[in-house]
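Given chain A's structure and the hints, the job is docking chain B onto it.
The listed protein sequences derive, respectively, from chains A and B. Using my numbering, the letters of the first sequence map in sequence onto residues 1 to 1057. Using my numbering, the letters of the second sequence map in sequence onto residues 1 to 371.
Hints were generated in silico from the structure; no laboratory data involved. Please note that a few of the clues may not be correct.
To be verified - BS3-like, lysine-lysine: derived pairs with alpha carbons at most 30 Å apart: (1) A:K105 - A:K145; (2) A:K270 - B:K288; (3) B:K104 - B:K2; (4) B:K3 - A:K468; (5) B:K165 - B:K140; (6) A:K789 - A:K943; (7) A:K336 - B:K2; (8) B:K288 - A:K341; (9) A:K510 - B:K2; (10) A:K467 - B:K271; (11) A:K142 - B:K76; (12) A:K495 - A:K666; (13) A:K447 - B:K70; (14) B:K269 - A:K336; (15) B:K271 - A:K341; (16) B:K3 - A:K467; (17) A:K150 - A:K274; (18) A:K508 - A:K573; (19) B:K2 - A:K508; (20) B:K70 - A:K142.
As the list claims (entries may be wrong) - Covered by chain A, per the in silico footprint, the following chain B stretches (three or more residues, Cβ under 8 Å): (21) 50-62; (22) 82-88.
Please read these numbers as outputs of a predicted model, since none were measured by experiment. Just so you know, even glycine gets a beta-carbon here, dropped at the ideal spot from N, CA and C.
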Amino acid sequence: MPKLLNLKRILIIGSGPIQIGQACEFDYSGTQACKALMSEGYEVILVNSNPATIMTDPEIATRTYIEPLKFDYLKKIIELEKPDALIPTLGGQTALNLALELDKKGVLKENNVQMLGATPTIIEAAEDREKFRSILDELSAKYPKSEMVKNFEQGLKAADILGYPLILRPNYTLGGGGGGIAYTPEEYKTMLVQALHESPTSEVLVEESILGWKEFELEVMRDQAGTFVVVCSIENFDPCGVHTGDSITVAPQQTLTDEQYQAMRDEACKIINKVGIQTGGANIQFAVHPTTGERVVIEMNPRVSRSSALASKATGFPIAKIAALLAVGYNLDELKNDITKVTPTCYEPALDYVVVKIPRFAFEKFQGSKDLLTTQMKSVGEVMSMGRTFQESLMKALAALEMSSEAIPDIHFSLEKISYPNSQRIWHIFQAFRHGLSIDQIHDLTKIHHWFLEQIHSLVAFEAQIKKNDLTDQNLRQAKKYGFTDARIAKLKNKTPLAIANLRNEWKIKPSYLQVDTCAAEFLSSTPYFYSTYWSASDFQPPTKKIVAVIGSGPNRIGQGIEFDYSCVRGVKALQKLGYQVAMINSNPETVSTDYDTSDFLFFEPLTEESIVEIFEQIKPVGFIAQLGGQTPISLAAGLVKKGYNLLGSSLDSLDQAEDRNQFSKICRKLNLRIPQSAMAGSIEDALKNEQLVGYPMICRPSYVIGGRRMEVIENQAELHSYFERHYDFISAQNPCMMDQFLSGALECDVDLVRGPGWIVMGGIVEHIEAAGVHSGDSMGVVPPQRLKFDTLQKIEKMSQELAEKMNILGHLNLQLAIKDDEIFVLEANPRSSRSVPFLAKATSIPLVDLGIAAQMSIQLSPEQVASYRWADLKQICVKGVVFPFKKFAESDSILGPEMKSTGETMGRATTYSEALVKAFVSSSLNLPAHGEVFLSLRDKDKTPLLPLFKNLQNMGYKFSATRGTADYLGQNGVECLALNKVHEGRPNCVDRIRSGQVNFVINTTSGRQSLEASFDIRRACTDYSIPCLTESDAAEAFVMALEKSKTGRIEVSHIT
Amino acid sequence: MKKGFLVLESGDVFEGITLSEQSHFPEKAGEVVFNTSHSGYEEIATDPSYFSQIIVMTAPMQGNYGVDAKVWESEKMWIQGFVCVQMQNTKRENTWSQLLIENKVPILTEVDTRRLVITLRSQGTPWGAIVAAENAETAKQKAVGLIAEQKKLDNDWVHLCSRSKIEDRKGLKPNGPRVAVLDFGAKENILRELVLRTSAIRIFPARTDVKVIEDWKPDSIMLTNGPGDPAAVKIAPDTIRQLLGRIPVFGICMGHQVLSLALGAKTYKMKFGHRGANHPIRDELLNKIYMSSQNHGYAVQAETLPVDVLVTQRNLNDQTVAGFYSKKLNCLGIQYHPESRPGPHEATQLFDFFINEMHPATTKGNKSYEL
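Pulled out of the complex, with its shape left as it was, chain A reads as follows (with noise of 0.2 Å):
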């Protein structure tokens, strides 16, 4: 069937921030199905509140609204650009559930929009466990025993018939939000409460344990004519129990017969046609008995997801491209396959290597959560790898997670880390074999399958080979091929990564680049898609015009994310615009930078020294970007100059001047530049002899303990007294504690500018909403700049400007500065593109990347070009809002500061200040209630300045309630306020009222270690129930200035130009 004609304008909805369970990959799929459809010559009307996305770049949809994922912005949409049709499979979760809300509520009807790719009937066939469930009892298929629970009773009566370990499941939830396993039957009560409050429809299914079982995943397509293929099977190292996402995983399937393999594929191709998929991709979860062979089915993802994403990259199949393609009406024998360019679309890939993913974790950021994995998603990114074996593969990706330049390092082993599901688990599986414990002892620990075992235990024993003899060609060719890195071997023969180099050099054992091309090499492919192995000889063909690399950023983390893959994305494409070929080089499976056709030259490969001077020397680069990247290729680039490659952009020095604090502060010193005062304290005596310098309040923390802990914000001598006592143990010579004048009440912005030679533009001044003392990365913020006086303004771009100069910068410059008393502090200074730069790009228009390309490459702008990009001139008012996984990590606390916690961020786009501050919060999914009660706990010195903002509630109709003090306060000053018990004064109390439902939203001020400690329940039952818990006086005010502007109901929106 040829394409449909009789559309011509279609809807696609994104998924919004970047959320665990929902990240990157769906910028993937949906930048990929917009090229397609725009190329097919289709209006495509985007959709996404998140500005750090490609997607939402003008050129990639004919029109864009970054507005919030939210039913009435949609509607609104819907109404004015009349689409003909809705694609809701492209965007995660979100975008299922909210097409599902717009087809409930009549808006797809009234205004004659088609569903494509999937209808409403095929979604809840799918997404409802209970449909689903009928659905396979037709087919014969099995699934683990359950029942399906509705309220807590029905829960109780469940758990009776099932038996314990159960494994919750609430309905329409994304990542397996608010499931979990558990293990007895008070877990159990707890979990079910919190799942049965996490299910858009109350309801859970609850679920006898397979826990043991190996665990399976077919990536699938089918077409209008029923043309079933699966594009890939992944099989989890994990065994059951561990959410895919946060699953090790392999590709293809590797532990299947045959027999055990088609009898899964045909019972997915049954399901996807019972289920009713006219087109599109999907994914099916399989449990597979270890012995027995007995196979159930876990569910089914009935649109593109982040297994696809895995899938296209592992493959070489692009399903969410085709996944579009099909929707209107295509067939999968009609379209060719890209990188063969011979053979149809309509093919299962044969791969000839392993294909090996790693979810990256970040528990060291939530103090107090367990680090315990469950069927509840809690990593924040992952890396992919590909080798010619399963070993080679999964050291690729080991190293290629940034940990550790070793990849497998020595660790202190513990049996109990392997007892149970952890992000550390694979290190001490490792460590275990060293220590000489059996494939079967770890087996019986873990149940992950003794094949995975094997691999493993036969590289321990190799590695114990390497250390006993001496390096020869033969054994450091194996080692290569093994997948160790030369920073290993290293440290097994006492010698230095170099060392270890140069042998390689010498022997010539080199890695060789294979192509990623669908068929096993059964057909000629041209795609430029490359991956490294030790194995085979190459089929790289060395590029015939001038080449330039882009280092990408490697894993999603907290703090280095989507935004950076804007920048190279970006990046990539405003080179390629400058003549030059362009190799990009990631290992992040989830996004755009890695899709084949995004670069030149594409190669998967980790982000390590080694890996990358080894492909450097077969591309012979005229130069490299490290800017666009983040922090990862900023750490490179000094190895990489070492090597004689060539940084594009700021020199070495510049970039050391920005990351050395010492150098830095000369220089700010040498342009009169206010730095906050630091100085660095071994003992109690050392640090009295600084308070002077530094001054109170003051921010402590011992220097080598990373992510923030013990950091505590001090404001007498009496308390720095007691801060040393307390933390004597980590505060020694060696390991001083830093201390850093604390500006509190400050102001804070980032600045973004780029710098070329003889020319500087600005990309804008973001103003923090929160005070200082929040990570930049987690407090919200705007453009143009609400508080900051214009010349306050003029200042900062000047001394900026100034900075740029001095530090000889060429390319992007990003600086977090602390305005107090109109005095200006420079707090950082970072010589790359940063997370606001994707954010300032799309609020200005302006495009800050390109020019950054511009300045990397030297080249001159006219001044009235450089005139031309004026960052305040903005007809909208960009409100930068952040969203936080705590819900994720049960005891995490919500509370923020100098540490990044946040997973992505939204932007609220208005004409006034308040309303783009409406979407900012409705697009981070924090509510704005209406009406009801708003419970305050406040430290003392918020509660006058806050007095004006809730007699203001009050007068909005708000209700009160608070802690005795605080409801006292609030009596004597006119504002009515209901006195409940704190925490420790009986019940019922406060977190009662709060996680019964009565409470709407919640102000929480703290200061001090101790009102932390006691306040934590109160945020704690927020995060759990939902409910907005602002713990910042200024991010308060900001909310009620939203609550004020909401309740007049206007919903605006507008595409961005």
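Only chain B this time, still in chain A's reference frame:
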């Protein structure tokens, strides 16, 4: 770890290692072919169509899930060698490598199979030999003789792989048809699929006289898969010609090719054939497109088929003939493997088509059997 080599006739040499467990290394020669299936090594090695062939698996890791006698496609292993990147040789009760060793199949691992496949793809299907040697030169010398010796085989490979005696099997459908099977080197699963749908099958050696077949009064005849060049097959084309138009004829793979010869068409040697589990087929009989299990080195020339025989299946990768059907002559030829093993199952319905659509109502057996 001793060195081993795969030497191609062209002189190309691919180095690998032999397993220490295979110390008495059986050096063998054969045609060198590659298969892109991810799984199914045991089925492949026991498929008689791989007679006199050295099989190169493109999936790098082999032997991952052990072995299972139930999946054997015949009573022995037919391959002349097994080549891959990494053999899973870990100690389990019964390993794949152990089984190959017991069956005297030379194993060559740690081979750059990707280079090898690209060579096979560009050279066509060369002859080659697997030998253990100290270096490439010695290997080449050894290989020449082995290849020459292996090439002396009678070129009617079907005859070499066919049963020598008639074999009867009871079908599971008491009212179903009696199907004669002409054994060209049959895969067990063709027989299993027939048993499910018939009252009886009788398997005849490839060169059985047509009278002997007719004496059994079959309702139809199945021509099985088998190895080698269809043009070299003796007697069977005549046998088929005499049955054509009288009883339904269903040929798979070699059976399909020999059927085409009986119809007066011509076959040709493909450059490197199709071997894998992921080839798309457009099937106009079942009216769908699906993935198929493939293993053939020859194909039928479409334009040489009689006018009343329609090409009803095409391989969508290269548009080669994947099947033909004649309503008038009541014959069906399928180039790929509807019996799968290994590979996807979608084409199994062709067995139903054979039983339901090609047999007269009286012999169809279960009339409610639906497509």
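Structure-based check of all given hints:
As the CA atoms of A:K105 and A:K145 are separated by approximately 34 Å, the hinted pair breaks the 30 Å bound. As the CA atoms of A:K270 and B:K288 are separated by approximately 15 Å, the hinted pair is consistent with the 30 Å bound. Between B:K104 and B:K2, the direct Cα distance comes to roughly 17 Å. Compliance with the 30 Å bound is thereby established for this hinted pair. Distance check on the hinted pair: B:K3 and A:K468 sit about 24 Å apart at the alpha-carbon level, within 30 Å; holds.
Between B:K165 and B:K140 the CA atoms are separated by roughly 40 Å; this puts the pair beyond 30 Å, and the hint is violated. Of the supplied pair hints, the one linking A:K789 and A:K943 holds, its CA atoms being roughly 26 Å apart against a limit of 30 Å. For the hint pairing A:K336 with B:K2, the CA-to-CA distance comes to about 45 Å; that exceeds 30 Å, so the pair is violated. For the suggested pair B:K288 and A:K341, the alpha carbons sit about 23 Å apart, so the restraint of at most 30 Å is met.
This hinted pair checks out: A:K510 and B:K2 have alpha carbons roughly 23 Å apart, not beyond 30 Å. This hinted pair does not check out: A:K467 and B:K271 have alpha carbons roughly 48 Å apart, beyond 30 Å. Restraint check for A:K142 and B:K76: not satisfied, since their Cα atoms lie roughly 36 Å apart, outside the 30 Å limit. Restraint check: the Cα-Cα separation between A:K495 and A:K666 comes to about 37 Å, which exceeds 30 Å; the hinted pair is violated.
Taking the CA atoms of A:K447 and B:K70, the gap is near 27 Å; set against the 30 Å cutoff, the hint holds. The straight-line distance between the Cα atoms of B:K269 and A:K336 is roughly 27 Å, inside the 30 Å bound, and the hint therefore holds. With a C-alpha separation of about 20 Å, the suggested pairing of B:K271 with A:K341 holds against the 30 Å cut-off. Taken as a hint, the B:K3 and A:K467 pair is honoured in the structure, with Cα atoms around 25 Å apart against an allowance of 30 Å.
At roughly 26 Å between alpha-carbon atoms, A:K150 and A:K274 fall within 30 Å of each other, so this suggested pair holds. Only pairs whose Cα atoms come within 30 Å are accepted, and A:K508 paired with A:K573 is rejected, the gap being roughly 35 Å. Taking the CA atoms of B:K2 and A:K508, the gap is near 22 Å; set against the 30 Å cutoff, the hint holds. Only pairs whose Cα atoms come within 30 Å are accepted, and B:K70 paired with A:K142 is accepted, the gap being roughly 24 Å.
Residues of the segment 50-62 of chain B lying with their CB closer than 8 Å to a CB of chain A number 4, which satisfies the three-residue condition for coverage. With 3 residues bearing a CB less than 8 Å from a CB of chain A, the segment 82-88 of chain B meets the requirement of three and the coverage assertion stands.
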